[in-house]
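Going line by line, the protein sequences match chains A and Y. When the letters of the first sequence are read in order and numbered with the numbering used here, they come out as residues 7 to 259. When the letters of the second sequence are read in order and numbered with the numbering used here, they come out as residues 8 to 320.
Hints listed in this document are in silico derivations from the structure and should not be mistaken for laboratory results. There could be a bad hint or two in this list.
[Said to hold, decoys possible] Calculated cross-link-like contacts (lysine-lysine; reagent style BS3-like; alpha-carbon spacing at most 27 Å): (1) Y:Lys-134 x Y:Lys-218; (2) Y:Lys-246 x Y:Lys-227; (3) Y:Lys-249 x A:Lys-21; (4) A:Lys-21 x Y:Lys-85; (5) Y:Lys-271 x A:Lys-21; (6) A:Lys-21 x Y:Lys-135; (7) Y:Lys-116 x A:Lys-21; (8) Y:Lys-78 x Y:Lys-66; (9) Y:Lys-218 x Y:Lys-16; (10) Y:Lys-273 x Y:Lys-226; (11) Y:Lys-300 x Y:Lys-271; (12) Y:Lys-265 x Y:Lys-240.
Only a predicted model underlies this, so the values are computations on that prediction, with no experimental measurement involved.
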Amino acid sequence: MNLTGFRALTIREVKRFMRIPAQTILPPIISSALFILIFGSFIGGNVGEVEGVPYILFFVPGLVMLNVITSSYSNSAFSLFIMRFLNHISDILTAPLSYLEIVLAFVIGAVIRGMIVGILIFAVSAFFVELTFHNIFLTAFFIIITSVIFSSIGLIVGLWAREFEHLELFTTFLITPLVFLGGVFHSVEMLPEFLKGITYLNPFFYLINGLRYSVIGTSETSLLLSFGFPVFLALFFFGLTVYLFREGYNLRT
Amino acid sequence: MKESAISIKGLVKNYGKLKAVNNISLEIGDGEFFGYLGPNGAGKTTTINAIVGLLNYDKGSVKVFGNDVVKDYIQARKLIGFSQQELMFDPFLSVRDILLYQGGYFEMKGEELERRVEKLMKDFGIKKNENDTFRRLSGGMKRRLQIAKALVHEPRILILDEPSAGVDVELRHNLWRYLSRIHKEGKTILLTTHYIEEAEKLCERIGVINKGKIVALDKKEHMLKELSEQLIKIDLKEKINKLPKSLGKYKCDLNLKKGRITIKCKNAQSQVAGILRDLDKEGLEVINLDIVKDNLESIYIKLTGERNELNGL
Numbered sequence: 007m008n009l010t011g012f013r014a015l016t017i018r019e020v021k022r023f024m025r026i027p028a029q030t031i032l033p034p035i036i037s038s039a040l041f042i043l044i045f046g047s048f049i050g051g052n053v054g055e056v057e058g059v060p061y062i063l064f065f066v067p068g069l070v071m072l073n074v075i076t077s078s079y080s081n082s083a084f085s086l087f088i089m090r091f092l093n094h095i096s097d098i099l100t101a102p103l104s105y106l107e108i109v110l111a112f113v114i115g116a117v118i119r120g121m122i123v124g125i126l127i128f129a130v131s132a133f134f135v136e137l138t139f140h141n142i143f144l145t146a147f148f149i150i151i152t153s154v155i156f157s158s159i160g161l162i163v164g165l166w167a168r169e170f171e172h173l174e175l176f177t178t179f180l181i182t183p184l185v186f187l188g189g190v191f192h193s194v195e196m197l198p199e200f201l202k203g204i205t206y207l208n209p210f211f212y213l214i215n216g217l218r219y220s221v222i223g224t225s226e227t228s229l230l231l232s233f234g235f236p237v238f239l240a241l242f243f244f245g246l247t248v249y250l251f252r253e254g255y256n257l258r259t
Numbered sequence: 008m009k010e011s012a013i014s015i016k017g018l019v020k021n022y023g024k025l026k027a028v029n030n031i032s033l034e035i036g037d038g039e040f041f042g043y044l045g046p047n048g049a050g051k052t053t054t055i056n057a058i059v060g061l062l063n064y065d066k067g068s069v070k071v072f073g074n075d076v077v078k079d080y081i082q083a084r085k086l087i088g089f090s091q092q093e094l095m096f097d098p099f100l101s102v103r104d105i106l107l108y109q110g111g112y113f114e115m116k117g118e119e120l121e122r123r124v125e126k127l128m129k130d131f132g133i134k135k136n137e138n139d140t141f142r143r144l145s146g147g148m149k150r151r152l153q154i155a156k157a158l159v160h161e162p163r164i165l166i167l168d169e170p171s172a173g174v175d176v177e178l179r180h181n182l183w184r185y186l187s188r189i190h191k192e193g194k195t196i197l198l199t200t201h202y203i204e205e206a207e208k209l210c211e212r213i214g215v216i217n218k219g220k221i222v223a224l225d226k227k228e229h230m231l232k233e234l235s236e237q238l239i240k241i242d243l244k245e246k247i248n249k250l251p252k253s254l255g256k257y258k259c260d261l262n263l264k265k266g267r268i269t270i271k272c273k274n275a276q277s278q279v280a281g282i283l284r285d286l287d288k289e290g291l292e293v294i295n296l297d298i299v300k301d302n303l304e305s306i307y308i309k310l311t312g313e314r315n316e317l318n319g320l
């Protein structure tokens, strides 16, 4: 294994987003702070408890999940697409790095960004509510596994895209609606019967439910599904990404 | 020839109906300076991309010091330094960091890497720009950085795709001196260029590719000798109306107006004495004789028909 090369590419990925925090770190923190202030403090006071906890504590894990998903997706999708767009991706494609090492370096970079964003949103929420974790290791697990899934998807979209607009299509038409409908702000119990059924088909619901369980200790669905499904998705999309890199999809002519 | 640094056998790459590279085979020896010439779209960059791992080719095999570029791609890539034609770099990094990361990808680290990067920045005159991003560099400085980047890990093979494109004369000559030096130190160099003078000056062996096929492949001197024609131009004191009988065995032209005889042949020097004797026998006095040799450029134009294509534009 080319550990030195792998390390260099991982550091490059982390430094890339750390160099532009106003684009990569601050926006999700500021928008989350506003959500917490308005929905948590102003409106949440009138909602009362949901699933046995204050509303603000109920939706903060959903908010974290929303931003971890968009941050990890954007990190790898934009980084890879810019490399392709500016045609300096040949630097890593002609280096003695295996395709697994290349994909892993991109994914680790995105996981680190996802974790930083997640930790900072939890930190902001601590100013508004007494924050306790049912199992902080599970919290880390769900943030990491979610980042792996969406950074892999980001890489696939980064390979497929021909223009910058294609990167946003996925966020606008798939991620954002499914995350919101997956229960960022609401409990599945609040929905009419027919929408409950649809929610159980939404993969984002299991990710949000899993992270929420790690914070408040109650789950709205089978815990096995909330653990198993993300692990399956992470393995599937990570494996698919490595396969596409190996095949040279939109990388080699 | 020594051990093959690069061995290409039966390489085929099609883009739809276009045969970009059509069953080419090529061996480049260890320590050789090889010039790869051809018009735009002939298949030069396609061949190079197959060697460095930027191409999924359809048929054939490419090996670098015995390592298959597909099956043993990691070993193969360790041995190659590649300077591509396009001058694009990581926009987030400084000149220094571009070189440091490149070394990192090639398993270099610590002081060894720092020393190497310092040396290359000095050798290529980019030390003063070490903290600039590439967008602040001139075209010439970008080219210097591009070649320095290819050399960071001290590869056994250096592949340069059009290294002189867009650089001024001084830099081109400095680059030639540098390449000659590292070639003498043992580096295998594969160079594509549009400057025929560059290939003529630097390369030991030349391959010419046209429309996806190699149309000439030989040592530079052999190519010049075998493919070149020389012209013997003879001016006579008296104007003549028809070619002298004794010159019937040669491929001759007579310019009646100038009274100049032009003879096309391959070994002019060895034939001049006989021609002069033949003319003397017929009582024709020679007042001027000139031998015009083909250079690589005229051979290249003959092989590729590039001039005709341009005239057709």
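For each hint, the structure was consulted:
For a cut-off of 27 Å, the pair hint linking Lys-134 (chain Y) to Lys-218 (chain Y) is broken: about 42 Å separates their Cα positions. With a C-alpha separation of about 40 Å, the suggested pair Lys-246 (chain Y) and Lys-227 (chain Y) falls outside the 27 Å cut-off, and the hint is violated. Taken as a hint, the Lys-249 (chain Y) and Lys-21 (chain A) pair is broken in the structure, with Cα atoms around 81 Å apart against an allowance of 27 Å. As the CA atoms of Lys-21 (chain A) and Lys-85 (chain Y) are separated by approximately 25 Å, the hinted pair is consistent with the 27 Å bound.
Note on Lys-271 (chain Y) and Lys-21 (chain A): the hinted pairing is violated, with a Cα-Cα distance of about 66 Å set against a maximum of 27 Å. A hinted pair counts as satisfied when its Cα atoms are at most 27 Å apart, and Lys-21 (chain A) with Lys-135 (chain Y) qualifies at roughly 24 Å. At most 27 Å may separate the alpha-carbon atoms for a hinted pair to count; Lys-116 (chain Y) and Lys-21 (chain A) meet this at roughly 18 Å. Restraint check: the Cα-Cα separation between Lys-78 (chain Y) and Lys-66 (chain Y) comes to about 14 Å, which is no more than 27 Å; the hinted pair holds.
This hinted pair checks out: Lys-218 (chain Y) and Lys-16 (chain Y) have alpha carbons roughly 18 Å apart, not beyond 27 Å. Distance restraint check for Lys-273 (chain Y) and Lys-226 (chain Y): the Cα-Cα separation of roughly 17 Å lies within the 27 Å cut-off, and the hinted pair is therefore satisfied. Distance check on the hinted pair: Lys-300 (chain Y) and Lys-271 (chain Y) sit about 10 Å apart at the alpha-carbon level, within 27 Å; holds. For the given pair, Lys-265 (chain Y) sits about 11 Å from Lys-240 (chain Y) by alpha-carbon distance, which is consistent with the 27 Å threshold.
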